[in-house]
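Put together the whole structure using the sequences plus the hints.
One line per chain: the protein sequences are U and A, in this order. Sequential numbering from 0 applies to the first sequence in numbering that gives the first Met the number 0. Sequential numbering from 0 applies to the second sequence in numbering that gives the first Met the number 0.
Any given hint could turn out to be false.
Derived pair list, reagent style BS3-like, types lysine-lysine, alpha-carbon separation capped at 25 Å [said to hold, decoys possible]:
| id | chain 1 | residue 1 | chain 2 | residue 2 |
| --- | --- | --- | --- | --- |
| 1 | U | 179 | U | 342 |
| 2 | U | 68 | A | 34 |
| 3 | U | 301 | A | 300 |
| 4 | A | 12 | A | 34 |
| 5 | A | 30 | U | 301 |
| 6 | A | 300 | U | 84 |
| 7 | A | 334 | A | 103 |
Sample of chain U residues with no beta-carbon within 10 Å of chain A, all distances over it, derived [said to hold, decoys possible]:
| id | residue |
| --- | --- |
| 8 | 10 |
| 9 | 54 |
| 10 | 81 |
| 11 | 86 |
| 12 | 132 |
| 13 | 156 |
| 14 | 157 |
| 15 | 182 |
| 16 | 280 |
| 17 | 301 |
| 18 | 327 |
| 19 | 345 |
| 20 | 377 |
| 21 | 383 |
Read the hints as simulated data drawn from the structure, not as lab findings. Just so you know, even glycine gets a beta-carbon here, dropped at the ideal spot from N, CA and C.
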Amino acid sequence: MGFTSSNQHHLLSKIATNDRHGENSPYFDGWKAYDSDPFSPTHNPHGVIQMGLAENLLCFDLIQDWIKKNPKASICSREGVDGFKDIAIFQDYHGLPDFRKAVAKFMGRVRGGRVTFNPDRIVMSGGATGANEVIAFCLADPGDAFLVPTPYYPAFDRDLGWRAGVQLVPVACDSSNDFKITEAALEAAYEQAQDANIKVKGLLITNPSNPLGTIFDRETLRSLVSFINKKNIHLICDEIYTATVFSEPNFVSIAEIIEEDMECNRDLIHIVYSLSKDMGLPGFRVGIVYSYNDAVVNCGRKMSSFGLVSTQTQHLIASMLLDDEFVERFVAESAKRLAIRHKAFTMGLLQVRISCLKSNAGLFCWMNLRRLLNESTVEAELALWRLIIDEVKLNVSPGSSFHCSEPGWFRVCFANMDDDTMEVAIRRIQTFVQRKEAVLVAGN
Amino acid sequence: MGFTSSNQHLLSKIATSLGHGEDSPYFDGWKAYDKDPFNLTQNPNGVIQMGLAENPLCFDLIQEWIKKNPKASICTAEGVDEFKDIAIFQDYHGLPEFRNAVAKFMGRARGGRVTFDPDRIVMSGGATGANELIAFCLADPGDAFLVPSPYYPAFDRDLRWRTGVQLVPVPCHSSNDFKITKAALETAYEKAQESNIKVKGLIITNPSNPLGTILDRETLRTLVSFINEKNIHLICDEIYAATVFTEPNFVSIAEILSEDIACNRDLIHIVYSLSKDMGLPGFRVGIVYSYNDEVVNCGRKMSSYGLVSTQTQHLIASMLLDEEFTESFITESAKRLATRHGVFTRGLAKVNIDCLNSNAGLFCWMDLRRLLKESTVEAELALWRLIIHEVKLNVSPGSSFHCSEPGWFRVCFANMDEETMEVALQRIHTFVHQKETVVPAKNKKLWRSNLRSLSFSSRRLGLDEVVLMSPHSPIPHSPLLRAKT
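Here is the structure:
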């Protein structure tokens, strides 16, 4: 059937035959280990526990409860089926007006009502994956670059680089100052790009941060705004984890900063959002591009044709998010449950003196295993990681897959499992650390 | 707020180009419709939408099925226990039952003459996303696809805008019913070669949009032979597969492939969707089906940019796995399309308007060449503007489909109810009569007497119940209209 690979290289595009889809990275080895031996408390108690997937499973009971009480939100229920035709036939890329209204409202709600969003700036996309790609296509030409602070979400390389051809220039952050972005680091990265003849078109931040779980303080945000205005480049803020902030201090969105800042050129500011993390609905592919630049809204809207949200889902989400009482309760309860999970996990780790970067958001911890490394290298980190997957049987994500410049950090997800599984995971880590330290001590 | 001219500098070339295609006159009709949409009761003089290839004829069947199958939804009392597992599922392979169901349906829509492998089903953001994805997989920026004209206007955007791929038209003519000839293919290919343009594939829409015709076996074999000879891809957009409403049967490229051992299967790809066959464009169910393993793999990774919502995957899976339902749906849909097509083409024939002989699609390819002042695009567009502004019908001019012969118009017949169709036909009758009687616009007296004589002639044609209702008619309310309201 298939011809040899040389024929394929000739037959297919460069995009189809290069590696920029990113799946050959070691990041996915842990996945493969999990897929071939998945943990189940009853059927496979010695299997691999998935801690590499940033999912938010904690509040489905609330959502299912709401759905049972609101049958009209579905176009398939007896109460809602009369609306089926109009919804199924609607393909306008502006989206259902109620959907845009509901999302804008929700975005304001999860920012504590401190800012409001304009429904006319809501542009749909195929999940945040699609949103990031649309932004890249709108703002940059192939070969242009975005600055991105490290450590960062591995799939940015694919989302921005694969088909849109945008390069990512890392802005190194390290633990000496809790991985905060400094103006010096920004300037250095920008200079480096200039020297290499790379045109920087924007700065991409994830706030709250993946993988760090931290939020940006006002001062840092203001310095970023000042930086991008000075260089006349875009600021793209992926705020996908907004409602996962579970304790003080409050989240400060870029939307708040530009409300206060008259000087900022609003044409440079863009927000990427999604319901995949805040609401735990990744399957529904609800991605949002929110831009303060009218031309980007217009262009993005036309591009949304390549990844619109199913109107069946738009309709459901619109109903859900227009229910203020539900949203209020959901956001509060979700934060509460995340806080409890986070505490249980970090305290369990502290018992074997493993610390995590202090964080108040996200669905994961940034775990510090530097002292368990033989040497401070990526190789040692990957060796430790393989040990964790193969012996401790936990799929965690090594810092190097997030382009972290300091070896020894690992992202560990805590919201995608039940309490019992979490306990098993904590015990396994504790056992492993104690054994490893005994070995290290014996070796001295 | 916006810094206009500096925006050019701020944004990408793609963002500031016209590659989105929305500045084409094609959209003028839409704007006219949006401003003044027809409504039988509330706006009987409004513009009737005949430019949208939608298929709402069988929603009653779907709604009935939904009422009987509450478990198909994750939001009903019967189905909500599955909500979590479905909402959390983001694997780009898609729900296995979704792939099974779509593969099965694709086979069913081809009369069971071929089967499809669920493992080759790749999701995309509608057929829009599917076409773009295929272009990204098969061609580099600057490369080209050959495409027979007339063709679907949005191909210009879907295949070219963000991909940088070019389209080289292969003109087809009414002299042979717009069939694709080997000579035309070769000529287009040569021309591309001479301009140093690398042709990577040939894209066909079968059944055709805008023609509504299907490709016969011989033509399909010619195409397969051509692309094998040139070692280029064949992309078959079969989005209208189940809209074939009379004989001859649809012949899918999948059938040709199963007979032809010599064909390099790595070159064959099908684009599909449920937007036309099932009338569900809002659900964004696009499919890429490739016989090339690499393209399946690559396409699957790319599907991350436009996966189908799992809520929708789950519903569609249940629906399309119900064989009894799909069997009766496909049969009934074809029946209703045939009826519509018949009413419309007969209505046009009464004023000697021909359509290209067709047996598929949601539209007719209407021949208004004899109403043109001269055989030019300008004359076609002038006629078109007349039709929009005076006859108040949004039809689509052939030039927007890159048709090389002026005077053809695509008219959609499935996206309205029967009463609206009648009004549309009446308006066309009036218009054609007026145009052919060469009525001077300024001479109202003459016009009125002509109107009377027209109503005589309409009686002679046996249209006793038709009152000639023009938007500018001195008769304020047609008795026909009054009877309906």
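Structure versus earlier hints, numbers of those that do not hold, lowest first: 2, 4, 6, 8, 9, 10, 11, 12, 14, 16 and 17
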